[in-house]
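Asker: One line per chain: the protein sequences are A and B, in this order. Just so we're aligned, residue 31 is where the first sequence starts under the working numbering, counting upward by one. Just so we're aligned, residue 62 is where the second sequence starts under the working numbering, counting upward by one.
Quick caveat, the hints were computed from the structure, so don't treat them as lab data.
Keeping only pairs whose Cα atoms sit at most 27 Å apart, straight-line, the calculated BS3-like set for lysine-lysine is:
1. A:Lys-165 x A:Lys-223
2. A:Lys-149 x B:Lys-204
3. A:Lys-155 x B:Lys-189
4. A:Lys-155 x A:Lys-220
5. B:Lys-189 x A:Lys-149
6. B:Lys-138 x B:Lys-106
7. B:Lys-204 x B:Lys-189
8. B:Lys-69 x B:Lys-138
9. B:Lys-94 x B:Lys-106
Cβ-Cβ distance ranges computed for the label pairs, FRET-style:
10. A:Arg-131 x B:Arg-152: 43 to 53 Å
11. A:Ile-113 x B:Arg-78: 50 to 60 Å
12. A:Ser-96 x B:Thr-63: 53 to 63 Å
Backbone N, C-alpha and C define an ideal beta-carbon position, used for all residues, glycine too.
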Amino acid sequence: MEVDDITPKHIYSDIELDSAEGEAIEALKERSQQAIPDPDQWLEEELHRNILLTSLDAILNWARRSSLWPAICFPACCAFEFIAANASRFDLSRFGMEILRASPRQADLLVTAGTLTWKMAPQVKRIYDQMAEPKWVIAMGACGISGGIFRSSYNVVPGYNRIIPVDVYVPGCPPRPEALIYGIRMLHNKISKGHTDIVLPLPLTSRERPGED
Amino acid sequence: MTVSLSGKEVAEQIAQRFPEAVSEAGDQAILVKSESIFDVLEYLKSSPELDFNYLNYITAVDYYDYFEVVYQLTSMKHNHCLVLKTRCYDRENPSVPSVVRLWRGADFQEREIYDLLGISFEGHPNLKRIALWEGFEGHPLRKDYL
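Next up, chain B with everything else stripped away, as it sits in the complex (with noise of 0.2 Å):
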């Protein structure tokens, strides 16, 4: 079974190239700053002892003052996982940097949470709707929509 890596653990690996880069570390998870992600999530494919070579999923939550991406990844090597967040704070224009060059499974995901929550992902090569058209108005899976 996969193991489920201790996050604090893992915080202090990431803690020692990235000094700034960690807000917060828990058993479950760890919440990084959003301008540090993408170096972070490189590091943790590219590492030989974490190599999370797989990307389980992103998604987002909207909790009012700020939304949330997590990401949980995999190592198929390894057999073990780790959950990682991070927050945008600025509710008009939120945006995280894309992860699509190191998980291509990333594209259509990001997409989704771009068309339904309005995140917009830097450096991704195709960002527009693709579950709702082109031309509709507003995010509907912001808490304040409707």
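Chain A with its partners taken away, still in its complex shape (with noise of 0.2 Å):
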């Protein structure tokens, strides 16, 4: 076959194409000049209409339980129903949980999603210790309620209620998504009914106060 034209074609696009390029962004330009209005008149009234009056404890709790932090800490197989419950499917964002910590500092919810070595267990108590509080557990499947099939194992801890104290049990071997979302449905429960005491300053008194006698 015979090339004897080499010449490179519709590398540069052709004059058309740039000038109607040139002209859409100069109409665009020309509508653009001033800012969208955001109008806000209606801001005021609508606080005026929109306050409620809830006790301190209603609020908090419904704070806590609608934004729970769950820690990384999936020692074994069920770290994968859990990633599954937190995936498109079952959208674990639907309760504000979607944000996995890698810090325990910053969670407030562990998800023991797996078998426990002994070997491992200093490290999951240490995780637990430096979540701050508030903060609950969730034992997901037969490993984490008894240690499951490994329970009678030499290196296995059976059950993580023996280091940290937990607060709902799924059961499971693993638990499907539907059975976790269930048990993170009542921990939403349980956080609802708790109660916190508010400690406040209490003023000085004339004793207390330094200089005076």
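Each chain sits in its own coordinate frame; assemble them with the hints.
Answerer: The structure is reproduced here in structure tokens:
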């Protein structure tokens, strides 16, 4: 086959295309000289209509249960069901808990997804201790509840409640994401029944004031 | 594909250098006495026509009367492999020579065998438990554990 014309074609766009692009940009620029207004007169009246009175416990518990942040502590295979629950199909972000924290100091929920060995137990205990109060624990799966089929092993912790306090137990081997979500809803109920003692600083009496007898 | 060498043929070569070393030789594996296992393995590694420069694994089995330590060797150059075994009959203080000096990959595997079966490897640079913790009592892969 004879190749006589080796000049590259279609590398540069046609001048008609360029001028059409330029016209579109000029037209958009012409139309966009003013910022789009954001009318906000309604804000004040809505504020007047929207004040609710509630108890401090209710508002604190609502805030806490609506935004649980799980710590990453997944020693074994239940983690995959947790991942499935977290992914698009089951979508844990419906409950405000889609962000898994690699730092336990930013988390308030520990989902114990998997078999725990005694060799690993001090590290899990440390993760729990590093989490800030208030904090909750869901024991996920048979191993998390009781050690599961490995209960009689020489190296398996027979249930996370040997080392940390557990709030909700989710059975299964592994539990399906629906079961985990049911457990999370039960934990929400538990949190909403919680009571917080507010400790206010007391005013100084005359005896405690420095410099006075 | 890697050719599995006949144990009998290799055992004849070993017997020329170490007449007392081999106690059994089959098609699959060679059983070597534990006091000469290190010399045999060193010969298998350094001999140019065998040239076992790669240790696939070490493992051990508890047969109640004795522990059997199993070595699988491969030559990357000649593309052949061989299985060697040795036995230690002392249940209280079983011991075989360490091969970390020949193959560095043996380090963690010998520690695992020491951890789970209690076989001590003489000459190992850092023989301590690897999977369980210091202070654990017993060796769980022994048949009489529990």
